[in-house]
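Given these sequences and hints, build the entire structure.
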Amino acid sequence: MSDVYAVSAAPHIKQNISVSSVMWQVVLALTPALLVGIFFFGIQSFLLTLYGVVAAIVTEALIQRLRKVPVTISDGSAVVTGILVAFNINSAAPWWLPVIGSVFAIAIGKQIFGGLGFNIFNPALLGRAFLVASWPTLMTAGWKSTTPVALFKSSINGLVNLPSNVPAVVTSATPLGVVKALRDTTQISSDMAETVMNNLTSMDTLQNLFWGNIGGVIGEVSAAALLLGAAYLAWKHIIEWRIPISYIATVFILTYIFGGINGLFSASIMLPFFHIFSGGLILGAFFMATDMVTSPVTKKGRIIFGMGCGILTVVIRLAGGYPEGVSYSILLMNITVPLIDRYTIPRIFGEVRK
Amino acid sequence: MKYFLRLGFVLLVITTVASGILAYINSLTEPIIKENQRKAKEEARMEVLPEAVSFDSISYLNEEVIYAGKNNEGKLAGYTFVASLYGYSSDVKTMVGVTPDFKVNKIKIIEQTETPGLGANCTKPEFQSLFEGKNETVMLVDKDGGEIVSITGATITTRTIANSIRTGLKFLRKIEVQSEPEEIHREEVTE
Amino acid sequence: MSVIKEFTKGIVKENPVFVMALGLCPVLAVSSSVENAIGMGAAATFVLVFSNIFISLIKGFIPRKIRIPSYIVVIASFVTIVDMVMEAYVPALHKNLGLFIPLIVVNCIILGRAEAFAGKNNLIRSILDGFGMGLGFTLALIVIASIREILGAGQFLGYNVLPATFKPMLVAILAPGAFLVMGLLMGLMNLKKK
Amino acid sequence: MELLAKIFAMAIAAIFVQNFVLARFLGLCPYIGVSKKLDSALGMGMAVIFVMTMASTFTWLIQTYLLVPLKIEFLQTIAFILTIASLVQLVEMIIQKTAPALYKALGVFLPLITTNCAVLGVAILNINEEYTFIFAILNGLFAGLGFTLVLILMAGIRERLERAELPRTMRGMPIAMIVAGCMALAFLGFSGLKF
Amino acid sequence: MSIILYSIATLGTLGVIYGIGLAFASKKFHVDIDPKIEQINEILPGVNCGACGYPGCSGYAEAVVKHGAEINKCAPGGDEVIANIAKIMGMEATSADKKIAVIHCQSGGANNTFFRYKYHGISTCKAAVLVSSGPNLCNYGCVFQNDCIAACQFDAIHLDENGMRIVDKNNCTGCGACIIACSRNLIELVSIKKRVHVLCTSHDKGAVSRKVCGNKTACIACSLCVKKCPVEAIEMQDNVAVIIYDKCINCGQCTDVCPTSAIFDPLKEVRAKKKAEAKAKAEAINKQPEEQKTTEILEDTK
Amino acid sequence: MGFKTFPGGVHPHDSKEYSKNKPVEILPLPIKVVIPLSQHIGALSKPIVKVGDEVLNGQKIAESSGFVSIPMHASISGKVTGIDKFNHPTGIISMAIEITGDEQDDRIELTDEINYLELPVDEMKNRISEAGICGMGGAGFPTHVKLSPAAEKPIDTIILNGVECEPYLTADYRIMMEQPDDIINGLKIFMKIINAKKGIIGIEANKPDAIKLMKNKLKKESDLEVIGLKLKYPQGAEKQLIYAATNRKVPNKGGLPMDVGVIVQNVGTAIAVYEAVRYKKPLIERVITVSGKIVRNPKNIKARIGTFFSDLLEFCDGTTEDIGKIISGGPMMGFAIPSLETPMTKGCSGLLLFNKKEGHKEDESVCLRCGRCVDVCPMDLVPSLIAHNVKHEDWILVEKFGVMDCMKCGSCSYVCPSHIKLIQWINIGKLKINELQKK
Ligand SMILES: Cc1cc2nc3c(=O)[nH]c(=O)nc-3n(C[C@H](O)[C@H](O)[C@H](O)COP(=O)(O)O)c2cc1C
Ligand SMILES: Cc1cc2nc3c(=O)[nH]c(=O)nc-3n(C[C@H](O)[C@H](O)[C@H](O)COP(=O)(O)O)c2cc1C
Ligand SMILES: Cc1cc2nc3c(=O)[nH]c(=O)nc-3n(C[C@H](O)[C@H](O)[C@H](O)COP(=O)(O)O)c2cc1C
Ligand SMILES: Cc1cc2nc3c(=O)[nH]c(=O)nc-3n(C[C@H](O)[C@H](O)[C@H](O)CO)c2cc1C
Ligand code: SF4
Ligand code: SF4
Ligand code: SF4
Ligand code: SF4
Ligand code: FES
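Heads up: the sequence lines are chains A, B, C, D, E and F, in that order.
All letters in the first sequence, in the order written, are residues 801 to 1154 by the numbering used here.
All letters in the second sequence, in the order written, are residues 20 to 210 by the numbering used here.
All letters in the third sequence, in the order written, are residues 243 to 436 by the numbering used here.
All letters in the fourth sequence, in the order written, are residues 292 to 486 by the numbering used here.
All letters in the fifth sequence, in the order written, are residues 2 to 303 by the numbering used here.
All letters in the sixth sequence, in the order written, are residues 622 to 1060 by the numbering used here.
Treat the hints as calculated values from the structure; they're not laboratory data.
No residue lacks a Cβ here, since even glycine has one placed at the ideal position from N, Cα and C.
Check before you lean on any hint, since a few could be wrong.
Subject to a maximum C-alpha distance of 30 angstroms in a straight line, what follows is the list of computed DSSO-like cross-link-like pairs (lysine-lysine) [as the list claims (entries may be wrong)]:
{"no.": "1", "chain 1": "F", "residue 1": "Lys1053", "chain 2": "E", "residue 2": "Lys127"}
{"no.": "2", "chain 1": "F", "residue 1": "Lys671", "chain 2": "E", "residue 2": "Lys206"}
{"no.": "3", "chain 1": "E", "residue 1": "Lys88", "chain 2": "C", "residue 2": "Lys362"}
{"no.": "4", "chain 1": "E", "residue 1": "Lys206", "chain 2": "E", "residue 2": "Lys280"}
{"no.": "5", "chain 1": "F", "residue 1": "Lys700", "chain 2": "F", "residue 2": "Lys819"}
{"no.": "6", "chain 1": "F", "residue 1": "Lys819", "chain 2": "E", "residue 2": "Lys206"}
{"no.": "7", "chain 1": "D", "residue 1": "Lys395", "chain 2": "E", "residue 2": "Lys74"}
{"no.": "8", "chain 1": "E", "residue 1": "Lys74", "chain 2": "C", "residue 2": "Lys362"}
Pair by pair, the computed Cβ-Cβ distance ranges are [unchecked claim]:
{"no.": "9", "chain 1": "E", "residue 1": "Glu270", "chain 2": "F", "residue 2": "Val672", "range": "45 to 51 angstroms"}
{"no.": "10", "chain 1": "E", "residue 1": "Ala151", "chain 2": "B", "residue 2": "Thr142", "range": "57 to 63 angstroms"}
{"no.": "11", "chain 1": "E", "residue 1": "Phe30", "chain 2": "C", "residue 2": "Ile366", "range": "37 to 43 angstroms"}
{"no.": "12", "chain 1": "B", "residue 1": "Lys53", "chain 2": "A", "residue 2": "Gly1063", "range": "45 to 51 angstroms"}
{"no.": "13", "chain 1": "B", "residue 1": "Ala59", "chain 2": "C", "residue 2": "Val403", "range": "27 to 33 angstroms"}
{"no.": "14", "chain 1": "B", "residue 1": "Thr142", "chain 2": "C", "residue 2": "Lys409", "range": "46 to 52 angstroms"}
{"no.": "15", "chain 1": "E", "residue 1": "Lys67", "chain 2": "A", "residue 2": "Leu862", "range": "46 to 52 angstroms"}
{"no.": "16", "chain 1": "C", "residue 1": "Gly302", "chain 2": "E", "residue 2": "Asp169", "range": "48 to 54 angstroms"}
{"no.": "17", "chain 1": "E", "residue 1": "Asp35", "chain 2": "B", "residue 2": "Thr142", "range": "25 to 31 angstroms"}
{"no.": "18", "chain 1": "A", "residue 1": "Val1152", "chain 2": "D", "residue 2": "Tyr356", "range": "32 to 38 angstroms"}
{"no.": "19", "chain 1": "E", "residue 1": "Asp156", "chain 2": "B", "residue 2": "Thr142", "range": "24 to 30 angstroms"}
{"no.": "20", "chain 1": "A", "residue 1": "Val1152", "chain 2": "F", "residue 2": "Lys667", "range": "27 to 33 angstroms"}
So this is what it looks like as structure tokens:
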């Protein structure tokens, strides 16, 4: 009885990974996007993000204290949520917007379900949906640019080189806003609409979209920065290809088929690229749809989930009441996750097809 | 069998008594309800066309009657019609008063269930007064190049109202300009 | 049970909304303003009391087999009466409550009380029970509606009660707000129970 | 083509945009009550679809050929609820006798539907919206589908939540309400959907 | 007036048609069901609100009768209905011979257990015994990961200061959930009237079990109790003494002779006290000054 | 060279550098051995000696107690000093025969059949059975049973498992390097017995010299082949190996390799079989790897069955740090055991020693539903759901989700960021389902 050794069930070695390492790496991966946000929208975007994060952490700690469970703010999941809430807010928003969003995200989106791992809905997106429903005007208006230098030959607004005779109706602040405006108004000739569409799918616009020189919420503007972070996460096997790829591919195909303004297949091949790089698609596909807690565990399920997100996104973008459908599409698919999981249990290795 | 008959009988008694009472009460309330409805429409008409003292129906727009209002001198004071179109989440019905030169006199939103705080702000007097004196050429939301400043966050609702009124004005002008006012077949509306 | 208790139990202990979670549709649907809530509560209470009275009076004559249809007819009659009277005298409120007035018929609280209480108890008790339940229902509605109206519109009974700097939280008067407020209130009730 | 487009628009509206449960607040009792188990939810959903379609049919006929000609529309509520109640009971008995398997899967849910305000609701809405016969039936069908959709989704979620470490006070009804609220929040994404 | 007539006629006809139709249908499509289901269905409010979570009242009635659903689910019905269902289901608790759980081991905590190894893993007994036969040296004793406590819905098992599991006889309903939960098969339901228990199940040989028991209360199979028992209520079964409860008369004599205190008798103190009192009395008659001794004895037994 | 593999799996660091280049050394005669009666799957062997009996090295001391059972032999000469419960390298405590040596190492007589391949099949099988051979790759299934497949399931391929996918272990690698001919002879015996047309030796990519050596040896043999396999755990698992080598999937729910016409044997088993058939030599020794960061001199040791782990460690000059955890077998599937006073058995391929830090405790947190376990499971199970349902005792679902098809490879636990002890839950589930199925 002198030496008492440790005994446990196999395996006795373990990959060096933990919940907190996963979460903090996501934080790291989100940093480039934040930096780009600061670059284009000024220090205000950093402050808003900070408010969001602090509010998320404080709420999490407070509620865990109240629930008399261990306080786990150091695992970083609240930080991720806080950042993502703030990323979904435009930089001109008042300071309390990210705060309330984060509080709602953590309290109702996460802790009420039992905390990390048990929530059904993506907390950050729930927070955003809550804000949009509560203060729609604050959430959708007033992009402000404080770009220090004119890097690109264009504006922060939705369009480059806009012909002067285009009516004001399409001068929306975000590229997708322009698309929706085209859809809503009857006061624009089809020629004009075509011009605007061509403009949107021009190489210049796409470049702006890619680098982030465009109106939008803090986190979504720069596809490049987001892809950089996503690449890191993919390299570290923290996110897996199925959801983002099936999501983006679905959007690509559907917008190519339905995206044109003159019926099926009337879109140029650039339009799908426009749709992919505009709005929150990259942010959503790589950082939010991939939230493991609220997405299916099975491989097949993840593909279905991604495709569902893609379909809903395109439906909302092309026919819905909002210019942008990423956040709602992910939330809506979150609802279906238990069922997807249930019906996509993989066939066991060697299982005989009946 | 007897049991069934009894069941049937009891139900018969209950339903009979119930329907009797209901029919009686209905006979009391129905006139009031009808009167209410008539009054509501009439009040709306009066409100959007205060100069008029009597109204004649002249035509129909989406099954709603278009009236020509006469002032106390018996002259044409203007027209009223109900414009209706599906907005953000409901049919928005607007009572529109039109001056004889086909400009909007006044409008009153009489039915809508748009989002409270957004679309529902269209019932505010400030908003409704925006339409006064506008004709169909400028009856467009500012974003569409018109003169109607849209409610913040509720462009759709605003656009719906503007578009419905514009359509109505166009229609009205068409039927009224074609035929001389005197020749129009008029009948007193009894409702 | 004392007669007084018959009356008070519906208000807290057996509150039809928070405790029994019955008849939720009207609760959530009309609680976006306090005015509607009061109107709905009054209508439901009226139906509850009168159908309880009638049912406790006629309960002896009804064969078991057609118990439920008979009760439904009684209740539906009172609902129709309320419907007609409201349309005649408070048309605006009637319009706001809309569909949910006829739907009082299928409100489980009313049928439930008719069946579980009035069908078994005497007149006085049935009246008190109906009144208590109705009051409980109304109070619950008012509580929910107050929260929703204040948060969502910054108003109470149509009067501004919050400073103008407060930007109303629209969601509270939308559908999600109804569910969330209800859920949180129910959770709060649970907390108190322990 | 025109007709098809109209039907499609109606389906989208009834199932998603104006979902009976999440947007119109109809049928909440079964939505909360029968969504604990997926199997029950499926059975209930099927039964609701069936009954809503049937009820739409019959109440429309009664309204158009009985109440309106006789000018006794004020008896609408009472006539409709009687019709629905009897219809449901009749269907239940017939299924129970003739198709016990079907009854097991579906019939047991039938009585619950009588007091479901979604059914009476759809009947009255059909009249209020002045639908034609075909559209009334279709509306009943689509509304039922929309109800079933959210009921099943809810059941899936609640089965998962059954095993979550929920705070004690939120267990059961409260969390169901919260989930419903979140679902309604997500369904706002469909608002303004137009094809 | 005509409207009144029309409405009476219409509704009356509808009523009669529906009433008679349904009555006929119920005859024609009659299906036999368990009378209990019928009975409960009658008692239930019949509002089919779904609050019970079952498809309507008849669904709930069926669930109660066939699947043993809990009887307190009907919100509209209230207490009355619960009582009535209980009556129909014959659920009245028969407290005549209440059985409670007895945990046959006096070890069960870090303080009174010897270890073979440090256990790293899932904190359930089930899991712990699957890893290298369990962390404690005794292969039969409690592994104290508290599966029994988790299994008990009635909060009837508690830990004492040594980490030993104690059954609260007031809370225990004799449901037996803990018996199934215990991976070492230490728990048994015994009539509440039986007070003397062998609290060891080690089938090891005496020398081994004495050595491995951290609490030093193992049954070492010395058979002293077997010999002592006046009614032959103890048997030696594969190295461990087992009380045949049917025969045991709670006399506690086995407890007295057990060299390791493996046999537990909650009445021991009471008995000792009584004995001491009797003795004191007897001695008091003999010799007054001996009083102190009795108090000592009393204190010992505390 | 295109390496073959299977879907799923993980990539733990292979840690073979400690003992990879250490030629097999022979352990000096131990003073005492303890020979467990259960070293295999199947019925316990029945002792045929009494305490006090003198035994020779190689003498049968326990006989097989049924078809699926094997005899045991004394691995040293000496005296039987106990038949009692002893530690067992799987962590349990089981019956074993203790022999105290006389340091003579007197052996029973062996034969040498030069034309062993000409022996009748039955005789070969008999010799294998008499030699007490069970699988040496871990599972320990009696080899003669494996070699008697049902007549309606013809076997066309024998696969020798030289994968050794477990980190640290190098025993199989060393014997492939040092006794390639014996292995090939063993393979030929297998093929002869079973009348198989093809023999395959599967070797993982991290042993290129073994692959090369074997390839050279097999150059002239058209029916024998070496297949290189990707470095991935659990490449050595039977079903995965078969899939990689032959593209055949063994059916789930208790399907066996023979259902797809294959038998898999460990390379060590092949040597034992060769020696048994040719020399009638019983299985009394095997090669075992003693390794770990803290082992002063990691080695591959040929040791007698029944040798205490403490003796093996002593032969490796002990450890440099305090021992935190002792593992018999590999780190992924091996058993942590409470004591070094545990004898090695026929299936023991490794003894690993971890320091206190490597053996530290990680608490479970809640499942993130990240799906990593699902991604890596080579059996295409959903381990998180199985574990979840075991926790909530929903046995119907546990069974439905295929708990019985889990081979406990441990890949899922290895990758779980929440440190959920998936296998432990799954084990509980397996036990419970077994219990329920018996009912
Ligand atoms: C939380 C939960 C998840 C479930 N997931 C699945 C699933 O993914 N796939 C499945 O077939 N059954 C699943 N079930 C199993 C069902 O309980 C039930 O066994 C199954 O639906 C019966 O279907 P069957 O009769 O068609 O076999 C799940 C049950 C629960 C409680
Ligand atoms: C819950 C909710 C309800 C809304 N209701 C309306 C509405 O009733 N009327 C409306 O025009 N827009 C409504 N919107 C806003 C539209 O989705 C859209 O953002 C807006 O019409 C664009 O108008 P803007 O250009 O004025 O911002 C609502 C948005 C949300 C989130
Ligand atoms: C996860 C897992 C990994 C295994 N790895 C090996 C291995 O690396 N080498 C080996 O010979 N057997 C390994 N086995 C055992 C084989 O599946 C199979 O039982 C063995 O090769 C059969 O040969 P035997 O009967 O000669 O032992 C492994 C088994 C499992 C379940
Ligand atoms: C790849 C990845 C993506 C994540 N995405 C989100 C997200 O979109 N929203 C969020 O609130 N948390 C996100 N988290 C953090 C965490 O999973 C989240 O707080 C849980 O949903 C809370 O249970 C993410 C974490 C990871 C690892
Ligand atoms: S689980 Fe049951 S038998 Fe065991 S202690 Fe608790 S109530 Fe008693
Ligand atoms: S208490 Fe008495 S009767 Fe019972 S077993 Fe012990 S000695 Fe025997
Ligand atoms: S579930 Fe089983 S087979 Fe799958 S990875 Fe886990 S241990 Fe391996
Ligand atoms: S790897 Fe762990 S955390 Fe991820 S799904 Fe599997 S069990 Fe859950
Ligand atoms: S009140 Fe609507 S279903 Fe019960």
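Comparing the hints with the structure gives:
no.: 1; hint: F:Lys1053 / E:Lys127; verdict: 10 angstroms, holds
no.: 2; hint: F:Lys671 / E:Lys206; verdict: 20 angstroms, holds
no.: 3; hint: E:Lys88 / C:Lys362; verdict: 19 angstroms, holds
no.: 4; hint: E:Lys206 / E:Lys280; verdict: 39 angstroms, violated
no.: 5; hint: F:Lys700 / F:Lys819; verdict: 45 angstroms, violated
no.: 6; hint: F:Lys819 / E:Lys206; verdict: 55 angstroms, violated
no.: 7; hint: D:Lys395 / E:Lys74; verdict: 21 angstroms, holds
no.: 8; hint: E:Lys74 / C:Lys362; verdict: 20 angstroms, holds
no.: 9; hint: E:Glu270 / F:Val672: 45 to 51 angstroms; verdict: 47 angstroms, holds
no.: 10; hint: E:Ala151 / B:Thr142: 57 to 63 angstroms; verdict: 59 angstroms, holds
no.: 11; hint: E:Phe30 / C:Ile366: 37 to 43 angstroms; verdict: 41 angstroms, holds
no.: 12; hint: B:Lys53 / A:Gly1063: 45 to 51 angstroms; verdict: 49 angstroms, holds
no.: 13; hint: B:Ala59 / C:Val403: 27 to 33 angstroms; verdict: 30 angstroms, holds
no.: 14; hint: B:Thr142 / C:Lys409: 46 to 52 angstroms; verdict: 20 angstroms, violated
no.: 15; hint: E:Lys67 / A:Leu862: 46 to 52 angstroms; verdict: 47 angstroms, holds
no.: 16; hint: C:Gly302 / E:Asp169: 48 to 54 angstroms; verdict: 51 angstroms, holds
no.: 17; hint: E:Asp35 / B:Thr142: 25 to 31 angstroms; verdict: 60 angstroms, violated
no.: 18; hint: A:Val1152 / D:Tyr356: 32 to 38 angstroms; verdict: 58 angstroms, violated
no.: 19; hint: E:Asp156 / B:Thr142: 24 to 30 angstroms; verdict: 59 angstroms, violated
no.: 20; hint: A:Val1152 / F:Lys667: 27 to 33 angstroms; verdict: 39 angstroms, violated
Taken one by one, the earlier hints fail for this structure at numbers 4, 5, 6, 14, 17, 18, 19, 20, listed in ascending order.
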